[in-house]
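Peer 1: Residue numbers (numbering that gives the first Met the number 0), protein chains in the order written: chain Z, 0 to 528; chain B, 0 to 528.
Among these hints, one or two may not hold up.
Which copy? The list can't say, so a pair holds if one copy fits it or any two copies do.
Claimed, not checked - Taking lysine-lysine pairs in the DSS-like style, the calculated list, with each CA pair at most 25 Å apart, reads: (1) Lys328 / Lys27; (2) Lys27 / Lys320; (3) Lys415 / Lys287; (4) Lys18 / Lys386; (5) Lys415 / Lys45; (6) Lys201 / Lys349; (7) Lys328 / Lys138; (8) Lys287 / Lys138; (9) Lys508 / Lys138; (10) Lys386 / Lys415; (11) Lys382 / Lys243; (12) Lys341 / Lys243; (13) Lys243 / Lys345.
What the hints contain is simulated information worked out from the structure, not anything from laboratory work.
Since we're looking at a predicted model, the values are computed, not measured.
There are 2 protein chains.
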Amino acid sequence: MSITGKNYIGYSQSAENAKTFQSYVPVKHTHLPETFHPATAEEVEKTMQLAERAFDEYAAIPASQRADFLMAITEEMMAMGDELLERAHQETGLPMGRLQGERGRTINQLTQFANLIREGSWVEARVDTAQPDRTPAPKPDLRKMLVPIGPIVIFGSSNFPFAYSIAGVDTAPALAAGNPVILKAHPAHPGVSDLTAQAIVKAAQRTGMPNGVFSMLYDDGYEVGTALVQHPYTKAVGFTGSFKGGMALYKMAQERDEPIPVFAEMGSVNPVVILPDTLAAHTESLAKTLAGSVTLGAGQFCTNPGLVFTLDSPALDEFEKIYAREVGKITSMTMLTEGIRKNFFKLRDKALAEAGVETLVLSDEKAEGENQSQASIARVSGKDFIKNPNLHEEVFGPFSLLVVCEDSIELQAALKHIPGQLTTSLMADAAEAAGHPQILRLLSRRAGRFIMNGVPTGVEVCAAMHHGGPFPSTTDSRFTSVGRDAILRFVRPLSFQDWPDSLLPDELKDSNPLGIWRLVNNELTQDAI
Amino acid sequence: MSITGKNYIGYSQSAENAKTFQSYVPVKHTHLPETFHPATAEEVEKTMQLAERAFDEYAAIPASQRADFLMAITEEMMAMGDELLERAHQETGLPMGRLQGERGRTINQLTQFANLIREGSWVEARVDTAQPDRTPAPKPDLRKMLVPIGPIVIFGSSNFPFAYSIAGVDTAPALAAGNPVILKAHPAHPGVSDLTAQAIVKAAQRTGMPNGVFSMLYDDGYEVGTALVQHPYTKAVGFTGSFKGGMALYKMAQERDEPIPVFAEMGSVNPVVILPDTLAAHTESLAKTLAGSVTLGAGQFCTNPGLVFTLDSPALDEFEKIYAREVGKITSMTMLTEGIRKNFFKLRDKALAEAGVETLVLSDEKAEGENQSQASIARVSGKDFIKNPNLHEEVFGPFSLLVVCEDSIELQAALKHIPGQLTTSLMADAAEAAGHPQILRLLSRRAGRFIMNGVPTGVEVCAAMHHGGPFPSTTDSRFTSVGRDAILRFVRPLSFQDWPDSLLPDELKDSNPLGIWRLVNNELTQDAI
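Please build the complete structure, drawing on both the sequences and the hints.
Peer 2: Right, here's the structure in full:
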């Protein structure tokens, strides 16, 4: 397949805009030849009209056929072979091995949602049968299930060209649930977006999905995203990226005549707390593990551990020495975009210049011609950390701050200054952890995921994963973007009162033809009624 | 017990404000002697500090003890006997029979949540066990469950002094989940609020709950509500009332440094569609049923059917005649507050003066000395309805507009002008309904609950109830305020990665000591691991 550079409006391609942009190649600090056309206002309108028209038809398609569509996407993506991976590599500078793994994860996400909707119990069917003879008033028959909500606008993320982009963690559940999807492609990887969109369109066509079930639009500015979020047909928004970007979309969505839900995952400093006995017992392995996590993917993960807390204790010197040595060993790393690189060095330098911050490892900013970074780490006292809000914020990239507290009281005070996080981690064995209930509570309350004796990087795609967290890590702590429950962002319950069995959706019919788990008169069962 | 008129700040009573207000008695258009003290800014601050301190302790109390607390509330409320009902009657003008029923429903809600948390499966536990030998990377052990989020601010509603007020549909699930609750009492019934608060405080004390698990503050203005919603310790808001009130709180919550979820249920016109064959077959019973529903509780229900759609058909004349006769028969009804009565007549008169609106039954506004209304109904053509947005809005009180459409096409066009609703209803047998798939889709998409051959008034408290709906009926179509799923508004998922079994909450331990349903490696089971 070849890159068209055109917007994918349902089954049509469209390039009305004379203005174009090109892909940036971070490893070579150059651009690729293909041109991409930002969507015009008319193209946005056409896209939304098509999505709205597709909604009723798509929502009514049996789940098994929607599952076929999702699996067809995986087949079309795999059929593109190395072409897809190579383009992703060119546009992101991420290593081929990592991209292969990420594609695998994306295929896995689509497959899990296909399986979820094939099985069917995810709709949380609840049936309360009628009691016509109840006094003083008869009880009606009530049945409830989750239903799709309408066209969903999704923003591709820069740091995961597959798993959080065109066919990623927002698209898979939104399509699985029965909603049309409109993708705003991330300008950092338009070519891989183009190819992935072609895979989705081809999959939709060959599995008989309605025209408009999927569209993808380009923009290297903010106009298309704004128009999509403000469009009255849009019913929810999915976003992964910066705090500034996420909040801009969130505010925009709340200011509409009809406010709509925005799930924005906006990053996190992912504090790691190391308790002293554990620091003493595992000094070297902790230092090495943390060094690996801080520098993984050039630190460009929302789960990057940006703050490491510990207590002043005998093992600390040795830990710092090994930690600095290991971080210093990491060779230079390509960053995703020029903007991310520049911002990294700006924020890192700002952090290093704050009062009381002592540099442990300082990487050099390479020449302009190379979009590279090296890891830096620094150290600050709990006291200085507590009084300086600038140190509580994320530095996106390979940087981490070691916060050394005098005692457990100061550590608790420091943790109280940390806002909501995707993850928190505690390095402690069961006995030492049990001795610090306040630390456990403080870390629990701030976290979407609380890890014991592990680093936050690495987000498993499974039912028990919660990839979300209290504000400001996301805009709504009640939802996740990873795992089966990610579908809950894009559905709503609908109750059916006193419906004739013949008109009810299969999920709610007496005979339970799909054999799903249902809560019938408050008992979970797969039985018919 | 006697009414204190003081704010209930945890286990203390406080009346710092020199300003006071009194209860209005709608049936007599007079006031009761007791004075109530709006909370001061200092009292609000003290309340929130106490709630925040109570949170960690309360969240850690075993569910069985929280269930005891909820059941103790029911006992204390029942122990107040007729005193509570009589005060409610004085302050609302609602008939004693209705209030007795409503108290029963409130007790039922508390009991259902006590049972829900005693059983325990509501936490949606998910366990994915580790695969240490998986390649290329080992899979960690991940477990997830719903946890409370912190202090919840709840606004009592004017039209249900028990079921949607101090111990009502928001308080019961918020407390059940493990969150402290701060009630802003509705100034329309401060006395019954005072008594109910005493019941809750007494129940909390005798079941050993932490001081601050529940507080209740007065205000007959907006200051206290504003301060509560803006307070940084507040983590979510529950509200039932007007569109204007709900949206003011929603905007306020979004403009905080940390935006928080607001579930505002803001009313609805609850459109009812009658298809022609069914109109012909059941002319008289439909007219009588609708007349009863429009006038129930003086029309002061969020589920009042404010719009009735039908097609011009042979049975229409007869239907109109009986409908008008039945509505005309209803004797005058007391309205809850002066403000509600005045607003009702203002909006009704405005609707009746719109182009093409023909009055079918017109009630008179009684003298100032009586806070009474009588039901009014009117008729308009589909054509006039479609072009006039003023007719699409709610008139809170006993008013309903009959919209007569020329044909099914015009009916569909009219329904497209209706925004989101708590309920929609279709009067049609299975065969006739099946012949109108577009009508079914239009009504489904706009509804939280879709009723066949029944009126929207009457909200059953059960698992399959969805009392919510697309905007503007609520601020978030994904949540309900009635039924077991109402608890989902006030919790969030938390993942535990690689935790030692001894430190995990009981819900997630290998042995499953609570015997709850869990999703273990994608299979629902009550078994241990």
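Peer 1: State for each hint whether it applies.
Peer 2: The hints, checked one at a time:
{"no.": "1", "hint": "Lys328 / Lys27", "verdict": "within (23 Å within a copy, 84 Å between copies)"}
{"no.": "2", "hint": "Lys27 / Lys320", "verdict": "neither (34 Å within a copy, 82 Å between copies)"}
{"no.": "3", "hint": "Lys415 / Lys287", "verdict": "neither (28 Å within a copy, 61 Å between copies)"}
{"no.": "4", "hint": "Lys18 / Lys386", "verdict": "neither (48 Å within a copy, 40 Å between copies)"}
{"no.": "5", "hint": "Lys415 / Lys45", "verdict": "between (49 Å within a copy, 20 Å between copies)"}
{"no.": "6", "hint": "Lys201 / Lys349", "verdict": "neither (48 Å within a copy, 54 Å between copies)"}
{"no.": "7", "hint": "Lys328 / Lys138", "verdict": "neither (71 Å within a copy, 27 Å between copies)"}
{"no.": "8", "hint": "Lys287 / Lys138", "verdict": "between (64 Å within a copy, 20 Å between copies)"}
{"no.": "9", "hint": "Lys508 / Lys138", "verdict": "within (18 Å within a copy, 39 Å between copies)"}
{"no.": "10", "hint": "Lys386 / Lys415", "verdict": "within (12 Å within a copy, 56 Å between copies)"}
{"no.": "11", "hint": "Lys382 / Lys243", "verdict": "neither (28 Å within a copy, 46 Å between copies)"}
{"no.": "12", "hint": "Lys341 / Lys243", "verdict": "within (16 Å within a copy, 46 Å between copies)"}
{"no.": "13", "hint": "Lys243 / Lys345", "verdict": "within (16 Å within a copy, 45 Å between copies)"}
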